[in-house]
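There are 2 protein chains.
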Amino acid sequence: MAYCWERWLSRSNPRVLLTLERAGGFASAQEVYHLMQREGQSIGLTTVYRALQSLVKEKIVDIMRREDGEAIYRLCGDTHHHHIVCKSCGDTVEIEGGVVEKWAKSLAAEHGYRDVGHSAEIFGLCPKC
Amino acid sequence: MAYCWERWLSRSNPRVLLTLERAGGFASAQEVYHLMQREGQSIGLTTVYRALQSLVKEKIVDIMRREDGEAIYRLCGDTHHHHIVCKSCGDTVEIEGGVVEKWAKSLAAEHGYRDVGHSAEIFGLCPKC
DNA sequence: AATGATAATGATAATCATTTTCATTTGTGC
DNA sequence: GCACAAATGAAAATGATTATCATTATCATT
Ligand SMILES: [Zn+2]
Ligand SMILES: [Zn+2]
Ligand SMILES: [Zn+2]
Ligand SMILES: [Zn+2]
Numbered sequence: 290m291a292y293c294w295e296r297w298l299s300r301s302n303p304r305v306l307l308t309l310e311r312a313g314g315f316a317s318a319q320e321v322y323h324l325m326q327r328e329g330q331s332i333g334l335t336t337v338y339r340a341l342q343s344l345v346k347e348k349i350v351d352i353m354r355r356e357d358g359e360a361i362y363r364l365c366g367d368t369h370h371h372h373i374v375c376k377s378c379g380d381t382v383e384i385e386g387g388v389v390e391k392w393a394k395s396l397a398a399e400h401g402y403r404d405v406g407h408s409a410e411i412f413g414l415c416p417k418c
Numbered sequence: 290m291a292y293c294w295e296r297w298l299s300r301s302n303p304r305v306l307l308t309l310e311r312a313g314g315f316a317s318a319q320e321v322y323h324l325m326q327r328e329g330q331s332i333g334l335t336t337v338y339r340a341l342q343s344l345v346k347e348k349i350v351d352i353m354r355r356e357d358g359e360a361i362y363r364l365c366g367d368t369h370h371h372h373i374v375c376k377s378c379g380d381t382v383e384i385e386g387g388v389v390e391k392w393a394k395s396l397a398a399e400h401g402y403r404d405v406g407h408s409a410e411i412f413g414l415c416p417k418c
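Sequence order for the protein chains is A and B.
When you number the first sequence by this note's numbering, it's gap-free, plus one each residue, and the end is 418.
When you number the second sequence by this note's numbering, it's gap-free, plus one each residue, and the end is 418.
Just so you know, the hints here were simulated from the structure itself, not pulled from any lab data.
Among the hints, erroneous ones may be present.
One copy or two, it doesn't matter: identical chains are merged, so the pair holds either way.
[Unchecked claim] Once the Cα atoms are required to be at most 25 Å apart in a straight line, the calculated BS3-like pairs of lysine-lysine come out as: (1) Lys394 - Lys417; (2) Lys391 - Lys417; (3) Lys346 - Lys417; (4) Lys348 - Lys417; (5) Lys391 - Lys348; (6) Lys346 - Lys391.
Since the model is a prediction, treat every value here as computed from it, not as a measurement.
Required output: the full structure, derived from the provided sequences and hints.
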């Protein structure tokens, strides 16, 4: 354990962060909230939002957007990866993205962009469909 | 003029599209709607949403997200391409994606996926921000 | 321990983009 | 004109996020 963010911040942030970690990958504020509810932790939705905001500001957590615009969060430094998703059955394969990482990094540098992230997904019909 | 989308679709789609064009760059559904209002065009918000959705489905228009999650749209050149978007000011650079095309194609093949597409975006802070 | 300043919490209400519903209008072929 | 399907848009519903604000926890000082 011994996270560098243990100094942080309100007494809720750590609980929210631990929950996000337990969720694995991405989770929305609502999902984190419901997870904590189901686990019997007492916390308010507002506090979850505030904790996530402060964690984003501290760059401990990444924010991204789902297709429908909902904000989703994940621990920074989670192993970063990409997906192939089946358009029909939704089946997902995690894939390696080294090529994309380099592509993103070099193009960002070329255009003078800092503080760079990227998203990349492949979608199609899986063998079964 | 002479757009390839002239065949499309409802009688609203062209008006929405023309407005989006006139707006230059990105505009949200709400913004397109208000623009049309101010110009004295009579149209309902619902129809603007529907028109934009169908234009996105037809790949005539690109959809993206503002920092706050609001959907923004813009005319899309017919050549397939990718973007670097500034997280702060929304400035956009069109970039070459040959590497990504190959990456997507080979990985899809490797996992037996057919009828494959992909998305890839880079985001960060532009030189000005 | 009691006090009080300050920050954190969370229930509730407000906001606001987007989607649904559904009644009305419009287009199209007969 | 008449039927029938598609398109429209006003109004209500939805759902995520944010703002309010009264209550509660923290902590240093008395
Ligand atoms: Zn499938
Ligand atoms: Zn990557
Ligand atoms: Zn910028
Ligand atoms: Zn591509």
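Status of each hint after checking the structure:
1. Lys394 - Lys417: Between. Shortest inter-copy distance 18 Å satisfies the 25 Å Cα cut-off; intra-copy 35 Å does not.
2. Lys391 - Lys417: between (32 Å within a copy, 23 Å between copies)
3. Lys346 - Lys417: between (33 Å within a copy, 21 Å between copies)
4. Lys348 - Lys417: between (30 Å within a copy, 21 Å between copies)
5. Lys391 - Lys348: So Lys391 and Lys348 pass the 25 Å test inside one copy only (21 Å; across, 27 Å).
6. Lys346 - Lys391: Result: close within a single copy only, 24 Å intra versus 30 Å inter.
Checked against the numbered hints given earlier, this structure breaks none of them.
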